[in-house]
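Enquirer: Let's have the full structure, built from the sequences with the hints guiding it.
Residue-level listing of the chains:
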Amino acid sequence: MSTEQQSPAAPDGAEAGPEETRRLRIFRYKRGDGGERFDEFEVPVGPHTTVLDALLWIKRHKDPSLALRYSCLHASCGTCGVLVDGREELACVCSVQDHGAEITVEPLANLPILTDVVVEMNGFFARFPHEHPIIRSSGSPADAHAGEVHLEGAHEVTLDLPGPLHHHPLHDDHRAAPPGADFMRLEDCIECGLCLSACPVAATSHDYVGPAALAAAERLLEEPRGVKREDVLAWASRPEAVWRCHVGFECTRACPADAVPAERIMALRRELTFGGPDDEESKR
Amino acid sequence: MSATNELPGTAERAQPGPIRHKGPGPSESGWLDPRGRGHGGRALALHRITGLVIVCYLYLHLGVLSMLLIGSSAWGSFLSLVTAKSFLALEVVLIAAVLFHGLNGIRVALVGSGIAVTRERAMFWAGTAIGTAAVIFAALHILGALS
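Protein sequence lines correspond, in order, to chains A and B. In this text, residue positions in the first sequence follow numbering that gives the first Met the number 0: the first is 0, and each later residue adds one. In this text, residue positions in the second sequence follow numbering that gives the first Met the number 0: the first is 0, and each later residue adds one.
Be aware that one or more of the hints could be misleading.
Unchecked claim - Straight-line alpha carbon distances no greater than 25 Å define the calculated DMTMM-like cross-link-like pairs of lysine to aspartate or glutamate that follow: (1) A:Lys58 with A:Glu19; (2) A:Lys29 with B:Glu90; (3) A:Lys58 with B:Glu5.
Said to hold, decoys possible - Covered stretches of chain A (chain B as the covering partner; in silico rule of three or more C-beta atoms under 8 Å from a C-beta of chain B): (4) 31 to 38; (5) 106 to 118; (6) 207 to 218.
What the hints assert, rightly or not - Residues from chain A shown here face chain B by an in silico Cβ test under 10 Å; the list is partial: (7) Phe26; (8) Gly247; (9) Glu262; (10) Met265; (11) Ala266; (12) Arg268; (13) Glu270; (14) Phe273.
Note that these hints are calculated values from the structure, not bench results. As the structure is a computational prediction, the values presented were derived from the model and not from experiment. Glycine residues also receive a C-beta, built at the ideal position from the N, C-alpha and C atoms.
Expert: Here it is in structure tokens:
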């Protein structure tokens, strides 16, 4: 075997033996290039080969036009979400050994396809409540104020670096956030969109804001940091928000970060139905 | 760049891509796809299916009752049909649908109100066990094995 033809698992030092392969059926779509199709590739695999390893092997050795999105390679960035045999997975930590001889890789459901197995995430991020201080429009570094760095690209996350807070339209409305609190992430959630893809309600209702956005809203209730609770609850109680959930718990099952979005949706409902223990305190 | 100088495919690439859904057909069937679903997703699908079955039965039942307007002879011949073993087996299916829909509905109502959220899986399996036992008892009773 030449260096170019090495198995995706070869770098981890696996013993060379009889070559094991998997057939990957990969969804293909290019805008303006006709319809959708599946391409099949025979890929050599090792004991630790992930689906992302296999996709990268195809890109390097078989079809350079295969478009992928990935970054961290350890389930932290949430950019490589795909459907593997119909189930939402992060390709970077999904072992091919957990699947059969033929593995079907498709883009996430319920989001517009950008190309091949890559979906546009704008629609996912747009679902978040606008009061939410985590996800927002990205800008070029030249537009950024001191103390803030905006990353343009797949993740569109604003990072907080030490420095003074500056004017931002989001700061004007309801928020008097303490310094350093503006860019708190929803702990655990990596904004990968797997929950939205897995949600059976999102499959039939494009207006539904989805599990991640509702979990983010519930997180705001837990730690408002200047956001008015009643604003968050009003946002969550809209027809296309918390009451649209049908308690399938598929989002929690799909979540690779154990952010338990379904449980957070139910906590929001409990808050709306019965009121929280600190409800009176928030009204003062 | 003017329209005449655009590269081929520029307009097509500017269009949003298609949205794919799980499920065998149009997007409305996305909830039906069993691939990769857990107990909650399957329960949701079965809840909808049994709901449709119950609604269909309701209208069928109302239609059957209207046979009373025709007279006792029509009703008598109909009764001989519905007391056949094969027809009684359908009643067992109906009871199973009603039990699943009702028990899962209780789970959904409780969990959906924020009650016993962390026990929703246990509630699902408890409801399944109770429902299965009730269906078996009903089947034995209806099909005459207990008489």
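Enquirer: Hints first: check each against the structure and report whether it holds.
Expert: Evaluated hints:
1. A:Lys58 with A:Glu19: With Cα atoms ~19 Å apart, Lys58 of chain A and Glu19 of chain A stay inside 25 Å; holds.
2. A:Lys29 with B:Glu90: Answer violated: Lys29 of chain A to Glu90 of chain B is near 52 Å, above 25 Å.
3. A:Lys58 with B:Glu5: Violated - the C-alpha atoms of Glu5 of chain B and Lys58 of chain A are around 29 Å apart, more than 25 Å.
4. 31 to 38: That given contact holds, which follows from 3 residues of the region 31 to 38 of chain A lying within Cβ reach (below 8 Å) of chain B.
5. 106 to 118: holds (count 9)
6. 207 to 218: violated (count 0)
7. Phe26: Where the cut-off is 10 Å and the nearest Cβ of chain B is about 8 Å from Phe26 of chain A, the hint holds.
8. Gly247: This hint holds: Gly247 of chain A lies near chain B, its Cβ roughly 4 Å from the closest one there, short of 10 Å.
9. Glu262: Status holds, d = 5 Å.
10. Met265: holds (4 Å)
11. Ala266: Holds - the Cβ of Ala266 of chain A comes within 10 Å of chain B, reaching about 6 Å at its closest.
12. Arg268: holds (5 Å)
13. Glu270: holds (7 Å)
14. Phe273: Constraint on Phe273 of chain A satisfied, holds at 7 Å.
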